[in-house]
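**Q** Work the whole structure out from these sequences, hints included.
Numbering (numbering that gives the first Met the number 0), first residue to last: 0 to 416.
If you are wondering where the hints come from, they were derived from the structure by calculation, not from laboratory data.
The beta-carbon is built from N, C-alpha and C at its ideal position, and this holds for glycine as well.
Keep in mind that the hints are not guaranteed to be accurate.
To be verified - Cross-link-like lysine to aspartate or glutamate pairs, in silico, EDC-like; alpha carbons within 20 Å at most:
id, residue 1, residue 2
1, Lys318, Glu122
2, Lys33, Glu370
3, Lys340, Asp103
4, Lys96, Glu107
5, Lys108, Glu370
6, Lys348, Glu92
7, Lys138, Glu122
8, Lys351, Glu78
9, Lys349, Asp101
10, Lys108, Glu337
11, Lys348, Asp363
12, Lys348, Asp89
13, Lys368, Glu400
14, Lys335, Glu347
15, Lys108, Glu334
16, Lys349, Glu337
17, Lys108, Glu125
18, Lys348, Glu83
19, Lys318, Glu125
20, Lys380, Glu400
21, Lys105, Glu117
22, Lys368, Glu35
23, Lys114, Glu319
What the hints assert, rightly or not - Label-pair ranges, simulated between beta-carbon atoms:
id, residue 1, residue 2, range
24, Met196, Leu235, 26 to 36 Å
25, Trp280, Leu153, 18 to 28 Å
26, Val229, Asn339, 29 to 39 Å
27, Glu74, Thr49, 35 to 45 Å
28, Glu333, Lys87, 38 to 48 Å
29, Asp106, Asn357, 28 to 38 Å
30, Ile295, Ala326, 28 to 38 Å
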Amino acid sequence: MILKKLFSQKSTEEMQIQSINPVETVEGINILRKGETYLQYGIRICANSTGSNSLLAPCLQRVYFMLKKEQFNNEQLQEQFKTETQNKIDSTEHAIKQKQADMDLKDEKIRQLEKKEEELKNERTEILNHAAEINKNEKIKLILGIIILVPLTLYLFIFYGSTFYSAFFKDFTDGATLSECMFDPAAYSHSLQSGFMALIFVVCAPIIFMGLGFSLHFFSINKTDNLRFVKIGSVLVVTFLFDMILAYSIGKNLDSVEAMTTMGEHPEYTISRALTDIHLWAVIFCGFIVYIIWGIVFGMIMTAYDNMYTNKTRLNQIKEEINQTGANMAIITEEKTEINKSIIALEEKKAKLMRDLNVMQRFDPLAIKHELINFFTGWVKQLTTFNVPNDDMKVATSIYEHTLITLFPNNNNKDEN
Numbered sequence: 000m001i002l003k004k005l006f007s008q009k010s011t012e013e014m015q016i017q018s019i020n021p022v023e024t025v026e027g028i029n030i031l032r033k034g035e036t037y038l039q040y041g042i043r044i045c046a047n048s049t050g051s052n053s054l055l056a057p058c059l060q061r062v063y064f065m066l067k068k069e070q071f072n073n074e075q076l077q078e079q080f081k082t083e084t085q086n087k088i089d090s091t092e093h094a095i096k097q098k099q100a101d102m103d104l105k106d107e108k109i110r111q112l113e114k115k116e117e118e119l120k121n122e123r124t125e126i127l128n129h130a131a132e133i134n135k136n137e138k139i140k141l142i143l144g145i146i147i148l149v150p151l152t153l154y155l156f157i158f159y160g161s162t163f164y165s166a167f168f169k170d171f172t173d174g175a176t177l178s179e180c181m182f183d184p185a186a187y188s189h190s191l192q193s194g195f196m197a198l199i200f201v202v203c204a205p206i207i208f209m210g211l212g213f214s215l216h217f218f219s220i221n222k223t224d225n226l227r228f229v230k231i232g233s234v235l236v237v238t239f240l241f242d243m244i245l246a247y248s249i250g251k252n253l254d255s256v257e258a259m260t261t262m263g264e265h266p267e268y269t270i271s272r273a274l275t276d277i278h279l280w281a282v283i284f285c286g287f288i289v290y291i292i293w294g295i296v297f298g299m300i301m302t303a304y305d306n307m308y309t310n311k312t313r314l315n316q317i318k319e320e321i322n323q324t325g326a327n328m329a330i331i332t333e334e335k336t337e338i339n340k341s342i343i344a345l346e347e348k349k350a351k352l353m354r355d356l357n358v359m360q361r362f363d364p365l366a367i368k369h370e371l372i373n374f375f376t377g378w379v380k381q382l383t384t385f386n387v388p389n390d391d392m393k394v395a396t397s398i399y400e401h402t403l404i405t406l407f408p409n410n411n412n413k414d415e416n
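**A** As structure tokens, this is what we get:
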């Protein structure tokens, strides 16, 4: 039969390519005619074979080898493949050079960091040999700070002890003056008469304010805290409000004493009236201003103490710098590892491209697959005119898919040999 002779397969690809030569096709019935698309070709071949599924795979193979041979004989296409491959090789080589340049930069940074680390270690060794040196200027600041801080601390104990006692425990029926309320030398002994808990309360008052002052110093030196200024402001506001409450209580008690000794009607001691009372502001500033000064002096003493032993300060700095240098080297080493992986991948890509360039003939599988789809679309279109059962249609589709898998085992590659 003509069809059996037409679609008989030889054992090698070259024999198959030869079998599709239009000159050798009997009567030229099944060759691709001039101007005929592969969709039309699929319709015609299906009609000639009466839609036989047994002939579909040989027909698909025939089209595959026909297109492949056409691309092999297309000198312009082959030259285009080589040019594209050479361009990819050049691009890959350029990328490799860039990665190697990046690697050289990383190596230079590593050498610089190693040199810096060695210098820091040598400096640390030198410092340890002079560990007893003292910064005289900082020592003077420390001594002066202590001289100032001691009387300020005594002042705060007297002032806040007196004001707390006056605000919460003092009996104003016998009369009192502002100075007695702020600086009562017997405040602690009188508070003991009110009970042991009252004494504890009065004693703790100045300690609370000194604790707030220490908080100011702690927040100011904590440079890593982005909210340190908010915290410092909050401490100052709390302290000021605390002083204002004490001042208002004392001012109100003094006003009550004045009301008892004044003839006629005496105005009520309201907040608006308190804000114009000199007694209130005297209590606030005698406490709050000294508290601020105490906090500043305390911070100065702590800073002077830290800086007095210059070697100690520098040793801490060197330790931090060595740790940071080590961390930077670890990061760069990791980056070098990633760059090296990229270079290896690029070298493998270049080797594959070089192999592709040396291949005598190459083809574009995507273009061939596109025409096979058109051919099978025409085949199916013709099958529908034969009213074939659905099972036969499914078999045809299965044969088509299996043939494509056989012809294109490397589906993800754009170019195949």
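**Q** With reference to the structure, classify each hint as holding or not holding.
**A** For each hint, the structure was consulted:
1. Lys318 with Glu122: Within the cut-off at roughly 11 Å; holds.
2. Lys33 with Glu370: 16 Å, holds
3. Lys340 with Asp103: 15 Å, holds
4. Lys96 with Glu107: Cα-Cα ~16 Å, so holds.
5. Lys108 with Glu370: 56 Å, violated
6. Lys348 with Glu92: It holds: about 10 Å lies between the C-alpha atoms, which stays within 20 Å.
7. Lys138 with Glu122: 24 Å, violated
8. Lys351 with Glu78: It holds: about 18 Å lies between the C-alpha atoms, which stays within 20 Å.
9. Lys349 with Asp101: 19 Å, holds
10. Lys108 with Glu337: 16 Å, holds
11. Lys348 with Asp363: 19 Å, holds
12. Lys348 with Asp89: 12 Å, holds
13. Lys368 with Glu400: 11 Å, holds
14. Lys335 with Glu347: 18 Å, holds
15. Lys108 with Glu334: 12 Å, holds
16. Lys349 with Glu337: Holds. Lys349 to Glu337 sits at ~18 Å (cutoff 20 Å).
17. Lys108 with Glu125: 26 Å, violated
18. Lys348 with Glu83: 14 Å, holds
19. Lys318 with Glu125: Roughly 14 Å between the alpha carbons, so the hint for Lys318 and Glu125 holds.
20. Lys380 with Glu400: With Cα atoms ~17 Å apart, Lys380 and Glu400 stay inside 20 Å; holds.
21. Lys105 with Glu117: Measuring from Cα to Cα gives roughly 18 Å; hence the hint holds.
22. Lys368 with Glu35: With Cα atoms ~17 Å apart, Lys368 and Glu35 stay inside 20 Å; holds.
23. Lys114 with Glu319: 16 Å, holds
24. Met196 with Leu235: 26 to 36 Å: Holds - the Cβ-Cβ distance for Met196 and Leu235, about 30 Å, lies within 26 to 36 Å.
25. Trp280 with Leu153: 18 to 28 Å: Distance hint for Trp280, Leu153 holds at roughly 23 Å.
26. Val229 with Asn339: 29 to 39 Å: Hint violated: Cβ distance 47 Å, outside 29 to 39 Å.
27. Glu74 with Thr49: 35 to 45 Å: 40 Å, holds
28. Glu333 with Lys87: 38 to 48 Å: 29 Å, violated
29. Asp106 with Asn357: 28 to 38 Å: 34 Å, holds
30. Ile295 with Ala326: 28 to 38 Å: 36 Å, holds
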